[in-house]
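Q: Chain order of the listed sequences is A and B.
Going by this note's numbering, the first residue of the first sequence is number 1, and it counts up by one from there.
Going by this note's numbering, the first residue of the second sequence is number 1, and it counts up by one from there.
Read the hints as simulated data drawn from the structure, not as lab findings.
Among the clues, some could well be false.
Over the 12 angstroms line for every Cβ pair with chain A, so calculated as not near, a few chain B residues [stated by the list, open to error]:
hint: 1; residue: N93
hint: 2; residue: E106
hint: 3; residue: L238
hint: 4; residue: A305
hint: 5; residue: T487
Here are the simulated lysine-lysine pairs, BS3-like style, with alpha carbons at most 25 angstroms apart [what the hints assert, rightly or not]:
hint: 6; chain 1: A; residue 1: K201; chain 2: B; residue 2: K111
hint: 7; chain 1: B; residue 1: K140; chain 2: A; residue 2: K201
hint: 8; chain 1: B; residue 1: K111; chain 2: B; residue 2: K132
Backbone N, C-alpha and C define an ideal beta-carbon position, used for all residues, glycine too.
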Amino acid sequence: MPKTSVAAVAAAPKKNSSAVARQKIFAFSSLIILMIAFSLASPNFFKADNLIAIMLATAVTGVLAVGITFVIITGGIDLSIGTLMTFCSVMTAKAITVWHLPILVGLLVAILTGMTFGCLSGILIAKLKLPPFIATLGVNMLTKGLSLIVAQSKPIYFSDYPVFSQISMGSVFGFIKDFQIPNAVLIFFIVAIVSSIILNKTSFGRYTFAIGSNEEAVRLSGVNSDRWKIGAYVLCGAIAGIAGILIASRLNSAQPALGQGYETDAIAACVIGGTSMSGGEGTILGTIIGAFIITVLTNGLRILNVPQEWQIVITGLIIIGAVYLDTLRRKKK
Amino acid sequence: MAEPLIAVKNLNKSFPGVQALKDVQFDLFPGEIHTLVGENGAGKSTLMKIIAGIYQKDSGEILLAGKPIDIANPRSALDHGISIIHQELNMMNHLTVAQNIFIGREPKKAKGLFLDEKKLNDDARSLFALLKLNIDPTTKMGDLTIAKQQMVEIIKAISYNSKVLIMDEPTAALNATEIDELFAVMRNLRSKGIGIIYISHRMDELFRISDRITVMRDGQYIGTFRAADANLDQIISLMVGRKIEQSAARAHDCRDQPVVLKVSGLSRGKVLKDVGFEVHKGEVLGLAGLMGAGRTEAARAIFGADPIDAGEVWVDGKKVHIQRPADAVHHGIGYLSEDRKRYGLAVGLDVETNSGLASLKQFTGPAGFVKSKQLRAIAQDTANKLAIKTPSLQQKVKYLSGGNQQKVVIAKWLIRNCDILFFDEPTRGIDVGAKQEIYRLINELADSGKTIIMISSELPEILRMSDRIVVMCEGRVTGELMASEATQEKVMKLATQRETMVQKANSN
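Whenever a hint applies, use it, and build me the whole structure from the sequences.
A: The structure is reproduced here in structure tokens:
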């Protein structure tokens, strides 16, 4: 091969990835602009305490958003993750405080519960061919009801297990002065990094994109696309289990009535971060930036004493704007 | 030639209500291009899908190198060295070329945990080198032209070490140069001992590329001929089972008739540059050119489907402003898209609804209720006039053949009372018999005073159907010919005229 063509080939990947990179830069610069604007507007915003509060507030939604990113890239949707998260937290509370299982086993219960219901959604969608929207809406109500039944409609407290709250609120780096980042935030970052590696470096990740791009093509290439599609929902469920642990630990209790609404925040984070609702495109980093944009916005508006009702309205407008920009970008192509 | 690569004997397959294949036989030798022809519904695709493991046979035998085999699914076909390139390309547009080729077989590293992207690209590169193709494996699939995507599909197929390659209408969307390139690749594969089963509706290609030709009709095997011994008329009459009257070329001179549609200075970005032409009442104007010449773009711009930078349109001598398709329809312009299923029909709805789709307003009472009796009457009337073959008006359009679907689109615009009709590739994907009927319809429409602008990539079709031909190249009108003086060579010369030698003699 002549040298020139090697050079051309080497230069090409940069050119191809530029569109994705540009949109990530767009989301990232929006985040920075928001932070600068709030810092200028209020002296209370850019303070260590507040920044840690923002990260902590992002952790649970952020973890859920990372999970649902896989599902959305396959071209699907999972409306059950919020209530599933709650059900996982109820199950882990039940396991630890009622059945008196070791805490580690209790955590495993949460993750296995998540995987089981993720698997259920996946089978409904891939095998029984239900539309993802309907299938996971069903699982949403299913897990919502089960949470109330298992917890007998009452919160379950971890009062006798002080270690449990350390999972979220403790800080393994607490010994370093001024670096009191709660474990929940660290776990969020670890989940994100591992997910990013899975998405970009493994066959599972490759099939996730491929299914979202053209499922029939994947199937006709001799790949068992159903299995990988179910896998995306199982992974999303497992991550909902992790979110369930985080939120239970943070509240030091399992709150069976909680959960509804978390899925919409997670979906919003994905969309703002550039994941395409029609599948085939998306990044974990984008999703994380999207999740931070939502919390920074809520946090900043609260510091500026904007009433909560208006915070919601503004977040809605931001999401519409983000999706509109995404549509424009697609049209240009 | 020794043992056939693949041989099919006494193959039967039925679907609910129809026997798709009856005692079909077929064989393919190494280093051979064996073309399979037949009308739509003749069973070609069913046969190929059975060989590729997508359908299961009811009875009969498939022999691979003399041994009977069972092809349970697409994977098993691939394992047996049988690859199929589908009519509708099956691509993952968001993935790169190399990722598409090796989907499901990605090279791994770190004990199988991670993908080896470098080896993936290197492997793809060496495959391209094998066929002397110049495609960058790291390009996103969606950024390639259809022709290049097809080459990638072929590469993907042979990367399975396939001995048998099935190509279902690969040239449908290619221009002449791209077809030449594809044929070169096919001959190259043939010389490497690969057997190719080739399905095409383009009769002019048959004898250029085939070694043998097998004809199928109504799910039955009709016969196999050496290309060198057969001729086109013979093949066509076997395909349709009856003599086809080739309707005579039109070549009416309508220039003394009033100008119904006039376009001038139509420009849009790099796609359309100062396009102008006139069409007369009762005339069939052929818009010729290679793929990407801007013919469809011109039609869509006139129809208001795409925005324009500049340009003027006159209908019946009056200047009109068309900003959206609704305006065009209001002025009596109808557009029959090349992609019927996507832009022309609501395939999940029935014939009646589709026929009335453009004129529902006329059939809606003041309270908003549809006057269904009137609509049904006119739909039935039009269906009879166009001889649409359907069990009833309530049949869903997706169950009709391509030719009949096209007629439903025509019915839609006739009911809307359109006097100017753009036909964009009206016979793409339509079999020989139905083609004749579409031609006859276009002739009748023109004779009854409608004005027709026909876009076609098939030169024989342009020459036969047009009264006058406007040729485009790279967004410009490069010339105009009366049908009586036009030849394939003259049209091709204009269609490849890249210099700015716009002939304005006739167009203004």
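Q: Does each hint fit the structure? Answer for all of them.
A: Against the structure, the hints:
Non-interface call for N93(B) relative to chain A: violated, since the shortest CB-CB distance, roughly 6 angstroms, does not exceed 12 angstroms. Listed as outside the interface, E106(B) is inconsistent with that label: its C-beta sits roughly 6 angstroms from the nearest C-beta of chain A, within the 12 angstroms cut-off. Separation of L238(B) from chain A is adequate, the least Cβ-Cβ distance of about 32 angstroms exceeding the 12 angstroms criterion. Every beta carbon of chain A lies more than 12 angstroms from that of A305(B), the smallest distance being close to 14 angstroms; the non-interface claim holds.
Chain A leaves T487(B) outside its interface by the beta-carbon criterion, the shortest separation being 40 angstroms against a cut-off of 12 angstroms. Between K201(A) and K111(B), the direct Cα distance comes to roughly 13 angstroms. Compliance with the 25 angstroms bound is thereby established for this hinted pair. For the hint linking K140(B) to K201(A), the alpha-carbon distance of about 17 angstroms falls within 25 angstroms, and the restraint holds. About 33 angstroms separates the Cα atoms of K111(B) and K132(B), which puts this hinted pair outside 25 angstroms; it is violated.
The structure does not agree with the numbered hints 1, 2 and 8 stated previously, though it agrees with the rest.
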